[in-house]
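> The task is simple: from the sequences and hints, build the whole structure.
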Amino acid sequence: NAGVTQTPKFQVLKTGQSMTLQCAQDMNHNSMYWYRQDPGMGLRLIYYSASEGTTDKGEVPNGYNVSRLNKREFSLRLESAAPSQTSVYFCASSEATETQPQHFGDGTRLSIL
Amino acid sequence: AQSVAQPEDQVNVAEGNPLTVKCTYSVSGNPYLFWYVQYPNRGLQFLLKYITGDNLVKGSYGFEAEFNKSQTSFHLKKPSALVSDSALYFCAVRDLLYNFNKFYFGSGTKLNVKP
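Keeping their order, the protein sequence lines are chains A and B. The opening residue of the first sequence carries number 35 in this note's numbering; numbering runs sequentially from there. The opening residue of the second sequence carries number 1279 in this note's numbering; numbering runs sequentially from there.
Everything labelled a hint here was simulated from the structure, so no lab data went into it. Be aware that a few hints might be false.
Heads up, simulated SDA-like pairs for lysine to any residue below, C-alpha to C-alpha not over 25 angstroms straight-line [what the hints assert, rightly or not]: (1) 1380/B x 1330/B; (2) 1300/B x 1332/B; (3) 1355/B x 91/A; (4) 1347/B x 92/A; (5) 1380/B x 41/A; (6) 1380/B x 48/A; (7) 1336/B x 131/A; (8) 1380/B x 112/A; (9) 43/A x 54/A; (10) 1392/B x 1342/B; (11) 1300/B x 75/A; (12) 91/A x 1306/B; (13) 1380/B x 74/A; (14) 43/A x 1319/B; (15) 1380/B x 1283/B; (16) 1347/B x 1331/B; (17) 91/A x 1376/B; (18) 1336/B x 130/A; (19) 1380/B x 63/A; (20) 1380/B x 94/A; (21) 91/A x 145/A; (22) 1300/B x 1387/B; (23) 1380/B x 92/A; (24) 1300/B x 1316/B; (25) 1327/B x 39/A; (26) 1380/B x 72/A; (27) 105/A x 1377/B; (28) 1380/B x 147/A; (29) 91/A x 1378/B; (30) 91/A x 1380/B; (31) 1388/B x 73/A; (32) 1380/B x 85/A.
One side of the interface only, derived from the structure: several residues of chain B facing chain A at Cβ under 10 angstroms [unchecked claim]: (33) 1321; (34) 1322; (35) 1386.
By construction, the Cβ of each residue, glycine as well, lies at the ideal position given by its N, Cα and C atoms.
Okay, structure coming up:
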């Protein structure tokens, strides 16, 4: 069982470059999420998608865009990377019922020089 | 606003001793609470949840958590710690009042279990 798959696992960018982080889930979940994890700050929600065709801003959306390509896939794009976006990015998915937890991928470690 | 707090950045315990990782919550309405564990270079893994009912919830790997409504706490416990329990632990609450698609996470507690 793959669960939530994120690519790439590691990436180094230069300031101003763009890139897209990919996420796919095989659990038929409606809801998908992008978080960033920084030391001492826990997880902060960047964007989420409650269902295919919808996306909404989270706590820290500035500098990011997302696309819910289909039910399985939810991508995160950095248009012009900045050093402040150096972080570990996690994708998660969950069923659309409130009693269920989230399932996480193993993260993308992104460094911006 | 809905939130959870983990007052300890780090907890140290000797192998074989009981462990407690603390979490307090602040929510409007009924809290749906979760504990996750994160091992190095991995994503968060679900351990257990409190939705309703029995205040003592049992989860994976021998962990349990006690929900205390009067103290607004949801502490994670294990009777006998293992070195392999060393990891980062996160408490989270699901926002049932405004947007149940949102989860709020604590800042995490690093558990160190020493042989």
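> Holds or violated: are the alpha carbons of residue 1380/B and residue 92/A at most 25 angstroms from each other?
holds (8 angstroms)
> Does the structure keep residue 1388/B and residue 73/A at a Cα separation of 25 angstroms or less?
holds (11 angstroms)
> Can we keep the residue 1321/B interface hint, with Cβ of chain A closer than 10 angstroms?
At 3 angstroms from the nearest chain A Cβ, residue 1321/B passes the 10 angstroms test, so the hint holds.
> Taken at face value, is the distance from the CA of residue 147/A to the CA of residue 1380/B at most 25 angstroms?
At roughly 32 angstroms apart (the allowed maximum being 25 angstroms), residue 147/A and residue 1380/B break the hint.
> Does the alpha-carbon distance linking residue 1380/B and residue 74/A stay inside the 25 angstroms limit?
holds (20 angstroms)
> Between the alpha carbons of residue 1380/B and residue 72/A, is the straight-line distance 25 angstroms or under?
holds (19 angstroms)
> Mind checking the alpha carbons of residue 91/A and residue 1306/B for me, to see if they're no more than 25 angstroms apart?
holds (22 angstroms)
> Within a Cα-Cα threshold of 25 angstroms, do residue 1392/B and residue 1342/B meet the stated pairing?
holds (20 angstroms)
> Are the Cα atoms of residue 1380/B and residue 112/A separated by 25 angstroms or less?
holds (22 angstroms)
> Taking only the CA atoms, is the gap from residue 1300/B to residue 1387/B under or equal to 25 angstroms?
Cα-Cα ~8 angstroms, so holds.
> Does the alpha-carbon distance linking residue 105/A and residue 1377/B stay inside the 25 angstroms limit?
holds (20 angstroms)
> Below or equal to 25 angstroms on CA atoms is what counts here, so check residue 1380/B against residue 85/A.
Distance of about 13 angstroms is within 25 angstroms: holds.
Violation of the numbered hints given earlier is confined to hints 3, 4, 6 and 28; the remaining hints are satisfied by the structure.
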